[in-house]
Every structure is written in C-alpha cells, then in structure tokens.
Amino acid sequence: MQPFSYSRARTAAEAVEAIAAGGQGTRFLAGGTTLYDLMKLNVEAPRRVVDVSGLDELADFDTSGESELVFGALAKMSDVASDERLIRDYPALSESLWKAASQQLRNMASLGGNLLQRTRCAYFRFGEPFQCNKRKPGSGCAAIGGIDRGHALLGGSEHCIATYPGDWAVALAAFDAVVDVLGPKGRRSIPLQELHREPGDSPDIETTLAPDELILRIRVPATDAGRASTYHKIRDRESYAFALASAAVAVAFEDGAVSEARIAIGGLATRPWRAFEAERSLIGKPLTEEAAKAAGARALEGAKPGHHNAFRIELGARTVADALMIAKARA
Amino acid sequence: MSAAPFPNTARVDAFDKVRGAARYGADRSPPGMLHAALATATIGKGRIESIDTSAARAVPGVRLVLTHEDLASEIKPAGYLMAGGYASNGLQPMIAPEIAWRGQPIAIVVADTLPAAIEAAALVRASFAVEPIAVELSAEGTQTVVQSESQLPKPMYEDIVAGDADKAFAEAAVQVDAVFTTPAQHQNPIELVGTVAEWKDGTLIIHEGTQNAEAMRHGLARQLGLTPEQVQIVSPYCGGGFGQKNSLQIYTPLAAVAARRVDRPVKLVVPRAAVFHNSSFRPASRHRFRLGADKSGKLIAAIHETDSQSSRHDLFPTLYAETTGHMYAIDNFRGRERLVRTDTQAPGYMRAPFEHVAAFTMESCIDEMAYALGKDPVALRLANDAYADPISKKPFSSRHLAECLTRGAAMFGWDKRQMAPGSMRAPDGTQIGWGVAAGSYKAATAPAIARLTLTDQGRAIINVGVHEMGQGIRTALSNVVAAKLGIAPELVEAEIGVTGASPQHLTAGSWGTATAVPAASEAADAMLKALAELGQSDAAGRKPAELLKAAGRPSLSVEIRRKAPGHPDQIFGRLASGLPSAMGPAYPEYVSFSYIAHFVEVRIEPGTRRIRVPRVVSVVDCGRVVSPRTATSQVQGGVVWGIGAALREASEVDPRFGGFLNADIAEYVVPVNADIGSIEVGFIDKPDPRLNEVGVKGLGEVVMVGVAPAIANAIFHATGKRLRDLPIRIEHVLDKGDL
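Top line first, the protein sequences correspond to chains A and B.
Last residue of the first sequence: number 331 in my numbering, and the count goes up by one each step with no gaps.
Last residue of the second sequence: number 739 in my numbering, and the count goes up by one each step with no gaps.
Everything labelled a hint here was simulated from the structure, so no lab data went into it.
There are no misleading hints in this set.
Covered stretches of chain A, as calculated for chain B (at least 3 residues, CB under 8 Å): (1) 233-242; (2) 313-325.
Computed, partial: chain A to chain B, Cβ under 8 Å: (3) Gln-2; (4) Arg-120; (5) Gly-146.
Cβ atoms here follow ideal geometry from the backbone N, Cα and C, with glycine treated the same way.
Start from the sequences and build out the full structure, keeping to the hints where you can.
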C-alpha cells in the first residue's frame, strides 16, 4: 500500500471537482469494501482518495414511487436488502443484495460502489507473476489457459475472460435500471445495461463512466412483473461466495400466458448479461418446465467454454430454468 | 481409573475468549514495538541474481531491510520436524539465494508502522534465474520416492504387510479396484501465523500461537546460536492449529533476528496469502485401493497403494496404510506408500492427515463391496469387525466400533433405508441419499512431566506439557484435577504452552488429552498422598486448603513423570530436547485406536444439483470423555471439517506458476453456517484402562475421519454415481446418469 492523500467531500459537486482536480490516480471512496481490499493487494494504488461516504444527499432510497424506485448511490446494501416493500414487490432486487457478500460487508458497502466491484479473477488480484491485461494493460491474460473454473463464458475476449462478480447489477439489468451520474460537464443518465463494458482489447476500462464521474443514484422503472421475480444464485457454498451461475428473473402473465419476461444472468459473463432472446421465447405461451428449460438454454447461447468451466453452461441454463419456475410460483 | 462419567461443565475459558480477554500471540504489543512485513518470491523455483532494497529503505519510517545477503551467517537451519529437527521446513529461507517455491520470503522489512512496512516490502525488487517447476503429482519433472526404500527411519516407514494380499485378492470371488484422488488443502485457522519477538538481557522471548512451544524453543536456539535457556516461548492460547502450527515456522527466526538488529520488539503477522505459501498444508494424493471378499461377504484381501505429494527439500513421510491395515479383520493386506517430490514448501499434517484420506479410499470401497455383495453397508462392516489387530495379531486396548455403528444406526433411523441407489426421493424430485462410513485414529501417548501446586487459598495450579488451541484442554485438566482433589473446577489453573517449567511437547496427533490428563491425574494422586503425609489426624472430609493451613504450609508442590507403556526412560531426554516423542498405535501389549461411525443424509436438488447435508449422526469411541462439553464441540467441528473436505475445499494450483491460486478465505471455500444442518453426537464413553488410568484415548482427529466417504457413499445412494475425486462439487453430479 502506498501513501495517498485523503480528502472528504461535503457535496456531490465538491466530490466531482476534487476528482477532476486530482487527475489520474484519484479514486472515490464510499464503503471501501472493494477499494481497501484491492489497495492492500497493491492492485489499486491511488495517489488521492476522495471520500464521498458522508454525502447524505446520496444516502436515501425510496421504494414507494408509482413510476420508479430510486436508490441513492450511498444507500447501504443491508438497509436496502431488508426494505419491506422491496422484499414484497421486487424480491429479485432484495435477494440480489441478501445473497451478496456477508452481513458485515453489506453493512459497509454502498449500492453505487457495489455496481463497480471489480473481478475476483485470482490472476488479477494477486499481482506478479501473473499476466493480466486488466491490471497491467498489454501484459497478457494468465486466466486463458489457466484455472478458469470461475471465469466468464460470455462476453470474453482473447485479452480477458474475467467474470463480472456482482449480483445487484444483474438484478438491475433485468429491470431496465438507469444510473444517474454527475461529472464536470454536468449530469447524465446511463442505462445500466450500458454501464459495464465487455473487455474487448481494453479490459482495464471496465465501465462507460468517465474517471471523473460520480454515481448519484440508481432508478428502476416500476413494473408489476417485480412481484413474480427472484434472484437465484448457485455457488460453491450456501453463503458468502460468488456465483457459479445466477439468474435475475421476473415474469407477468395474462390469461395463463407470459406477457412480460425479464431475464439477466450473472457469474457467467464479463458484464451483467441480459438474455433478450430467452425472454422473447417465453412471450405468449404458458410457462411450463419445458419452456423454462428452453429459455435457459437460449440464455446461454454463444457461451464459449475454457478448460474447467464448461459445466457452467448447463448449470447456467438450469439456473435460469429454476429461477423462472420460482418466479412463476410467486405470480 | 475414573468410574463415573465426567459432568458437562462449561468451558473454563469461554468467558475470557468471548470478551477478548484471552491473549493470543499477536495480541501482544510491548512498548517500543516495531512492525515487520515480508517480500516474497514471484518465481516457482530458481535463484535470486540480484536484489534491490533501495526503494524499500527510502520509505519513511523504515528501520531495517534484511535479505539473504545479510543473514547467511546469522541463521542456521533448524532441521525438518520429520528429520530430527524442529521446523516445518528444513530449508530456511533467506539464508541463501536459492528459491524453492513461489511465495518464499526474500526480504523482511521493519518499520515504525505496519503500513510503512507493507509499502516498503512491496518495493523490494529482485531479479531471478528461473528454473522449470513441477508442482502436480502427475507433472513431468517430479521425483517419486518409494518410502520403504528411502532413508526414512524403519520400521516406522516400512510398508505394512500381512499375509499374501496379491494372491488373496486375485483369488477373491468379489473384487473392488478403484483409484482415488484428493487435493491439496490448507488448515486456515482464524489466527494467522504471527510472532512478537523481544530480547531482554540476552534472552529471546517469543509470543506466538503454537502447538509445539518446546520445538520452537530448541529450534530457535539452534538457529541463532543460543542455549535453550536463552529462549522463552509464550503461547497460552493458540487460535487454531490443525497441524499448521506443529513446529517452528520459517518466519519466526526472521522476526527474532530483526528484533535483535533494531534492539526493539518486532511484530510480524503473516498475511493469509503468505501463510498459504509458507506454512504446511495437506498434500495432494492419489490412491489405488483393491478390496477382495469371498461370496459370503468375508473380506479377505486389501491392497492400498499411495502417491503423496512432498517437497524437493524435505520428504513428508506418510502413514495412509496405518489406518486401512488395522481397520477390519482382513488377513491379507499390503500397503505401498510413495512420495512425489514437487516444487513447493513442505506439506505437513493437517487434521487427520492420512486417516481422513485413507478412510475415504477404504470406506468408499467397503460401500462398493456392500453393493457388489448385496449386503447392507453397516452389516458388512459388523461382519468384518476385528477382535485383534490383523497386522500384529495383538489385542486392541479397547475397540467399540461395532457399538458406534449399531448405536449410530439406531439414532439415524438406518433401518428405514432402502438399499437401491436412487430409491429415496422428495416430492419435488430431490434425490436423497443415506451413507455410512467408519473411521479410526491412533490412540497415541507422549511422555509428560506434571507439576501440581496447591495453595492454602484453595487454588491448584497444574503445569504440564500441552497446548490450548481451542480443543478445550484447560477445561479437561480442570475437570480431572478438581474431581480428584474435591475442589471446584474454576479453582484449577493450567500453566500450559509456556516454556521454562514442564517441557511443552508437541500437542498433535490426538494425544494431548491422553498425555496431559492422565499426568495431571497422577499429579493429583501424588498431591493427595503428600497431603496425607502432612500428618493431620482429622484429614478425612477436609478441603486440601484447610489441611495446608492447619499444617502451616502456604503451598505444597508435587511433580510426577509419566510415559507411555513401553517407552524407555531415555524418552524424557528426547522430551526435554523438544523432539516429538509420542508412541502409538502399537504398544508392547496391545494396539490402540479411537473409532467413529458417521451416518449422513445428503439431498441433491433436481435442477442445479446442489449437494446439501441436512443431517449427520456421529458416534465416537474415544475412551472416557473427560470434558463432555468441549468433546461434543470437537465432534461437531470435526464433522464440519469433513463436510468441507468432501464438498468444498481445494487449494488450486496452476502448474505454470506453482504456489496456490485461491490463497484467501473468500476463495478457499470452507463451509459456512448455512452449509451445516443437524450434527447429532453420541459417545460410547467407556474408559480404556489398559491405555491409561483415566481411560482416555484421543478425539480431535478421529472426528473427521470417515465423514468424506460417508458423504460420497450417500451421494452414490442418491444418484448411483461413484465419485472418487475430492472435493465433490456440482459439476460432478450435474449429469444425473441413468436414474
């Protein structure tokens, strides 16, 4: 860990000014659960840290709106996870938070920071001697041809197959969430599905956020499909583990046929992955086990296995299928 | 001998532990203390060509940077624990430029603050001459050593043979022949390896959690050119050992030398990733097990051949067949153990090191044999129960395995089991499997010297060689001494884990209780005799403190020496020099093991095939249970370990780089609470008076032996799949097979 200067922002505008003034090597600090972890590993080595954790204007969330749910970027994962309206009306959103990390981490971590959680790829985290284009652009990718059991099957490139590790963003992707950000040039909104980039030939650039932009809040359009939803997460143990495969699913029915279907998958791709084709395959038909299985298979279409992770194609398909049946039971 | 079972008293140190009042090694911060951090090698093998510490030295607050260039003449190797020495590795890093494994320390930095030390350590730059590595059992470039033909001491590391196993197997009417693999695993106690080194008037004081204070003391003396009297080890509590802390760690002398150089106390807490790479671990292994039976179901032959991972520099000897050879009444047995040298730090003893793995192979084959014969797996084990040791033909000191099996079967409801694989299902299609397996672990004994002091205030202080590492030995000692002296357990204080008085022999191999408790009991007997000799005419019914007061004695001390049956008197010399001195399972007159039977239910969901273990029943024969509360906790903890070993834990190795990939406890997945269902524990609680007068055998390791095969057998029962590679994960049951 190298020394860094620390400043505390009082307003969002001040935070953005501070990061613009700080230049390269400046990082926002919110819950600190990822940043500190990676600083201790020397993967992140900021020169300046701008602490935004005291920005009360971003700490609230409101799940009572008619047209949309609004989550301040600094709302705590644990607070939002246990919101009763969210549990009742959008169980997928609540479950995606409950099933992430541990209670201690959820108590610290912020919703906005969680969107930007970086990959768990060991070759990324543990530094030398591993090549990693994400950590050190141009050095190569040790994960390709390595122990890739947890690596991405979708959205990878010859330069990087690191899995996007988060759960919350996957659930948000299913619900067409929008992220409001503030930068030196003012505010803009980014659809969540456009927030994370595929690695392509620049795996070090993980999002479409500019380095000097701050996430202010996350907005989720209200939908009746929220009630019949789930975040189904399959992992190597029952708690405190990253997904081998996960699915955020929501469905609505008219006259026994699917009128709305939302499917996003996690743990399988380099970014939160919306499965539009799989959704379309369900519309207008009864949601049978066979239809759910077919949709699951379709969600994993195009998956490219490495050496140790091929089983997660079938596992991912079954995770989607099971999630659809869980959601249906809630309709 | 204790006629009555011991009462279920609370853990004597529970209150201190939950309040944080119990002080562990790294909790110490003597005045003026500085902080240390390590820089480690990024190559898998080779040689340091040059090392540049200038950037590290320039970090504000840095006091000292040491590399192999500084230490060659200052530290000598302590020798490998299994080769007459004291350390976890015979190769002491940082006294030569050679690198034998990735992650080996290349520099130690001492600074005013921990952040400065960490920052500086990351700035140490080395260039290496790199050599090719071989880190997996099957890799090209490994070297295979046949243990029986090696330099390892005999007869201890002779292959175990009885009858003619190859001939008997070839003629067996029913044969099982299977290959098993198990991965490298790491102990991962919550307490990291950490040391606080302090020099006072030429004496080195080390605060560090350990299972073997006496080896640390003698090893450090050897390394630093001191007398053992100039070294003191303070380890009243160890925050989990599981074999990882069974010897002198390679870091401790580095902290000691650093403290001497800066003339200040130095604290070095080793980060988890570095512990993964420099402390011991369970070696990867491969086994071929053959089991033959006649048509009636009598087992007539077993052949157990093993390949076990070792390091280049130290041979970690194995005793897999010590479990499988003595387990059942099989007249023809042949073990053959081979060691495979790879480029790694020395592997070592991780809880039930050979027994857990050996039981996985044998008990899986027993289950397979039961199906081949069409016999119930419990009945097959009972039919092949042994009444004498099949290898030596000596009797067992005690053996209640059959009772473990029958009582466990009754507690579990085994009679409701349908034999056919795939025959038990929940309404939602979840496959249910019930599995059983047995386990054993040697009942060993180490020599001990016990000093008991009684004060006229009523306190009793028992000083004996044993370490408190979470197993509850302080409670067991209190229970035994209190019962003998007729005083309350809380009046008994145990002085353990600190060198200088009674030798602090290695606490491992499940011999801690069977060593320290009988010694404490004998000391209490000696105390009762000494009290009687005080000559108080009305002694009967009076408390010891009253007798002392009446005699005008502020305190009274006694000392006894105790050794295992068959130990020569010279064993006390070995004990005093910090070398492992335990005996067992073979004693002159008998052979001693603890036994266990595990019954397991698994449930495998129909879609994503998660394997869950909602309930386990475990019944143990560990002789007399001295501390029911902590013993129950040991069994539950051991079962959790077994579930982890069977379904979760593997240290990932990338053959291109060496070392371990998932070197933290987020990615090395031990079980969490949500993974564990009901664990019901039963004790036979019959004393083994031949082994010692208290009648205790051992408990801490046998508890996990057999859990893994019980789970694998339950998975077979649920799915019809025989899975022989650990850990068993979703990908191994994703394909539902024909059921």
